[in-house]
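J.: Model the full assembly from the supplied sequences, consistent with the hints where possible.
Protein chains in written order, with my numbering: chain D, 220 to 998; chain P, 122 to 285.
A portion of the hints provided could be inaccurate.
A few chain D residues that don't get close to chain P, going by computed Cβ distances all over 10 Å [said to hold, decoys possible]:
no., residue
1, Arg232
2, Asp273
3, Pro294
4, Asp344
5, Leu632
6, Glu666
7, Gly714
8, Phe917
For lysine to aspartate or glutamate, the following DMTMM-like pairs were computed, each having C-alpha atoms within a straight-line distance of at most 25 Å [to be verified]:
no., chain 1, residue 1, chain 2, residue 2
9, D, Lys775, D, Glu834
10, P, Lys219, D, Glu834
11, D, Lys228, P, Asp220
If you are wondering where the hints come from, they were derived from the structure by calculation, not from laboratory data.
All C-beta atoms, glycine included, are put in the ideal place defined by N, C-alpha and C.
Next come the chains, spelled out residue by residue.
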Amino acid sequence: MNPGGMVGKAVPRIEDDALLRGRARFVDDIHLPGMLEAAFVRSPHAHAAIRGIDTAAAAAVPGVVAVFTAGDLVPHLTAERLVVGLPSPSYRLEVDRPVLASDEVVHVGEPVAIVVAASRYVAEDAAALVEIDYDPLPVAENCRDALADDAPRVHSREPHNLVAAFDMAYGDIDQAFARAPHVLRESFWQHRGVAHSMECRGVVAAHDPIGNRLTVWSSTQTPHPAKRLICALLGRDDEEVRVVAPDLGGGFGPKLVFYPEEIVVPLASILLGRPVKWIEDRREHFVATTQERDQYWDMAIAIDGDGRILGIRGSLIHDHGAYTARGVNVPYGSAVTVPLPYNVPAYRLDVKLALTNKVPVTPIRGAGQPQATFVMERLLDRVARELGLDRAEVRRRNLVHADQMPCEKPLKLRGGTFVALDSGDFPTAMADVLAKTGWADFRARQEAARAAGRHIGIGLANYVEGTGRGPFEPVKVRVTSNGRIRVASGATAMGQSTQTMLAQIVADQLGGDMANVSVTTGDTAAINLGFGGFNSRQAVMAGNSAHAAAMKVRKKILKAASAMLEVAEDDLEIVGTRVALKGVSEHGIALGAIARALDGSPGYKLPGDLEPGLEAEEHVIVHDMAFSSGSAVAEVEVDVDTGAVTVTRFTLAHDCGRMINPMIVDGQVVGGIVHGIGNALFEWMGFDAEAQPVTTNFGEYLLVTATEIPEIEILHRQSPSPLNTLGVKGVGESGVIPTPAAIISAVEDALSPYGVRIAQAPVSPADIIALINGASGRA
Amino acid sequence: MQGSERRAISVSVNGSRHDREVEVRLTLADFLRHAVELTGTHVGCEHGVCGACTVLVDGLAVRSCLMLAVQADGREVATIEGLAPGEDALHPLQQAFKDHHGLQCGFCTPGILATLVEYLAENPEPSEAELKVALSGNICRCTGYRDIIAAALDAAARLREARA
Ligand code: FES
Ligand code: FES
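T.: Following this line, the structure appears as C-alpha cells:
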C-alpha cells in the first residue's frame, strides 16, 4: 500500500526552508508595479443609522486616488449583499452582509467606505477625514437579552433578533426524565473569543485589461469558494478570475469566511486600473474579523442509580453576531456533538441563534465542539459528585465501547446523513491516559499538597471530533518532462503542513523522493475545483485524492516503462526519479523520458497504447465524517490568594486513525491544546453595554505565551478509519476540544475544599476569587 | 499631515547600506519590508506585543513596529534574510527549528529567531524555564510553543558546540 514507506514517517517539512530564510510570500509581501494601498473607514458605533457620508475632505488629501462608498460600488455588482450562509431550513431571518454599509451600521468595525491612496499611511490619514453623519440607535449587546420581546432590534428593518432556531432530538426524552431516579440541572456560559492568526487578513488585487483577467491574492482558507463569489458578484466567468491564497500566517477558522474586503478591493482595482492592496491591522482584526463568542446552555441530565445516562435535554442560546457570515454551523456542531462519545438513549436540545450588534460569529478551531464537550463533561462531573462516584468511573459506565464500532447515532450531519462514529476504542484510550497520569493515586498527592498549603487538582475529559468534511477535494498529480512531480490541490495551506502531507502521500507512490515533488495549494489557476481548509478535512479529503491520483500515475508509469523497456511491469519499481528493474538499478528509464514519450510524437503510437499525458486528477468522494477521538487529563495548581491557575501537566490519549506524519500530528495537537488553555483561562473578547469592544489589543486580550505552557504528553492510538483508503482522520482541531473541559474540571477539583462549582469558560483569576468567596458564575 | 516631512537616512541592513529619504513617521518595520523590500520581517500587531517584527539593531533585539526608520539612521540592522550562512546551509537556529517542527505557519518565526540570536549570545546555556521567559514576548498561535522551546534548547547546544 505504501511502496515508498513515506506515509507514517516523521519526515521534515518542505515548507520550512523558505519560511526560515524569510523567503515565504505572505499577502503583504506582494508588491506590484503601480500598486495603490487602501484603508477602510469603519463604524465606531455598534448600531446607528447613516444620515450622510461626505468624502470631499478625504478625497482632497494629496496622494488619495479614490474614496468609494456603497453608492459608488454597487452599480458595478450583481448584488448588494454577500450571500454566503450555508443552507439550512432553520433560518427565521435573512441577514446577509452588505458589500459596504450604506444606510445602517450594525456593529463596531463594519466597513462603510474604502480610501485608496499612494500609501497606507496616506490612506489612513484620509480615512480619518471621511465624515459620516451617524444617528445612534439602541443596541442589543447580549444574546440572551436580545431574544426578549422588548429587546432593541439589531437591524431596524427586521421584526426581531431570532435569526434561526432548530432542535436536535432523538429517543423518548420525556419518558427518560419521567422515570429517572436522578435528574440534575446545570447552566453554563462559554465564550471562545478571537482566533488571532498571527497574520491578519489581507487582499491584493490586480486587473489585467489585456486578458481581462482579475487576480486576487487573499489570505483566505477558501480560495475556490472566494473565486466563485467574486465571479458571481462581478458577473465574470471562471476564466476571468484567479484567486490565490499565498502563504498564510495561520487561519484557525475566520479566514474561511468571505469578507466584504474581498470584493471591494478587487472592484476598486478594476475601477482604478491599478493594483490595490489592503492589509488588515490587528486593531481592525479585533473588530472586523469574525469571532466565536457567547453560548448560554441550560441543561438537565437524567441518570439511573448507577450513574448511567438515561437522557440529556436542554436549551442553547448562541450569539450569532450581526450578520450571517457562515451559517448555523457552530451551534449545529455544538448540538450534534454533546452526546457523541457516550451512550445517551434520549436527547433533546433546543437551539436559538440570537442576533447581536457585534461582529459576526463563525467557526474557530473546534467550531462549537469544545463547548459541547465542556457541557457533556461538566454534566458527568456533576453526576459523579452527586452519586459519590469517581469521575472516571462515571465515564467508563457510559462511554461508547469498541465493540459498538462503527456506532451509528440517531443524529444527522448538516447534509442529512446520520452520524456514525467510524472507529476507535474510547474506554481503552481513557484507561491509557489515567494510567499514564497516575489518576488513581492523585488523591494522595493532592492531600500531601494541601497539607503543604497548595491546591492542586486533576480533571478528565473525553471527546470526539468530526473531521474530513466532504464531499471532496480534488488533487492533480503530474510528471513533468523534466521528471519532476507536480501536485496541485484546492486544499489550502495555512500552517498545517498541507504541502508536506500531500508530497509525502504522492512521493510514497512515485519514487519516495520528497525533494522531487512540488506542491501548489490554494491557487484556482492550478486546479479547477476545490473548497479549501476547514473542518480538519484536508488530510482526509485531499490526502485520499492525492493517494488515488498518485496510484493512477504510478500504474501508468509502470505500464509505459514496461512497454518502453520490454520488461514485465511486476519486475519494475520506481526509485527516486527513475523506473528501474528491481534490484538492477542501472537498467531503467527516467520519469522525464516516460513523460516525454507520453506527450506523443506526430505519426507514432504512444508507448503501450496508453492514453497521452502523464497526469491524473482525482476527487475521492466521502460524505461520512471520520471521527477522531481522545481522552485528556489536566493537572493544575490554583493560587487561592490571587486566583491564578497554573496548568502543570496535560496528557492526551489521542486517536486520529493512521498518522501520515507523526511530527506534524503532534504539532497540530499541541497547538490545539495550548489554544484550549487560552479558552479555559485567558481569552475573552469583551464588549461594554453599548457593544463597544473593550479588549482591542494584545495587552487587553490575552493569548497564551511560552511561560504558561505545561508539560504536554500525547499518547497515540491509531484506529484506522474504514471510510477512506488511507485510514486517516483529521487532526487540526482535536487538541482544542477537550482542553477547557479537562482544565476546568481540574480547577474545580483543586478548589473542592471551598465547594466551588465552575460552570463557565473562560474562568479568570477574578472569577475564581469571586467563586471562592461564594459568588455564582456568569451562567 | 503630521509626520509626513521627510529626512534622509542611511541604514545598514544585513551588511548592505541603504540610503533613502523617508517620512519621519515611517516605522522601521515598514522601511525594511517596503523600502528595502526585505519582507521576511513580519508585522503581527503593530503595537509592540506579539514580537513578530523583532529584528536586531546594533545586535540588540528591538520591535521594528515600535521604532521609526529615522531612529535606525547610521545603525546596523540584521533581519531573518541575513541569518543563514549561505544557500547550502542554515544557521543552527534555523536548522533546529526545522528539525524540531518549531514552526507551522512560520509567521512568528523570524521574530522568534531574532529574539533567540540575541538571547543565546548572552545566555549560551539557558534552562527550559529561562527560555520560556526569554520567549514570553513572542506570540505564536500555531505551535503551542513546545516545539519552539525544544528547538531553542537544541540550537543552544549546537551553538555551544560550534563555539567550542
Ligand atoms: S508587530 Fe511589532 S510587536 Fe507585534
Ligand atoms: S508558527 Fe504560526 S504563529 Fe507561530
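J.: Each hint needs a verdict: does it hold in this structure or not?
T.: For each hint, the structure was consulted:
Not every beta carbon of chain P lies more than 10 Å from that of D/Arg232, the smallest distance being close to 7 Å; the non-interface claim is violated. The Cβ of D/Asp273 lies farther than 10 Å from every Cβ of chain P, with a closest approach of about 19 Å, so its non-interface assignment holds. Consistency note on D/Pro294: stated as away from chain P, and its beta-carbon is indeed over 10 Å from all of that chain's, at 32 Å minimum. Listed as a non-interface residue, D/Asp344 fails to keep its Cβ farther than 10 Å from every Cβ of chain P; the least gap is roughly 5 Å.
For D/Leu632, the shortest C-beta to C-beta distance to chain P comes to about 28 Å, beyond the 10 Å cut-off, and the non-interface label holds. The beta carbon of D/Glu666 sits about 27 Å from the closest Cβ of chain P, which is more than 10 Å, so the claim that it is off the interface holds. For D/Gly714, the shortest C-beta to C-beta distance to chain P comes to about 3 Å, within the 10 Å cut-off, and the non-interface label is violated. Distance check for D/Phe917 against chain P: the nearest CB is about 4 Å away, which does not clear 10 Å, and the non-interface claim fails.
A hinted pair counts as satisfied when its Cα atoms are at most 25 Å apart, and D/Lys775 with D/Glu834 qualifies at roughly 9 Å. Proximity of P/Lys219 to D/Glu834 is assessed by CA-CA distance (about 31 Å); at most 25 Å being required, the pair is judged violated. Our distance criterion of 25 Å between C-alpha atoms is met by D/Lys228 and P/Asp220, whose separation comes to about 14 Å.
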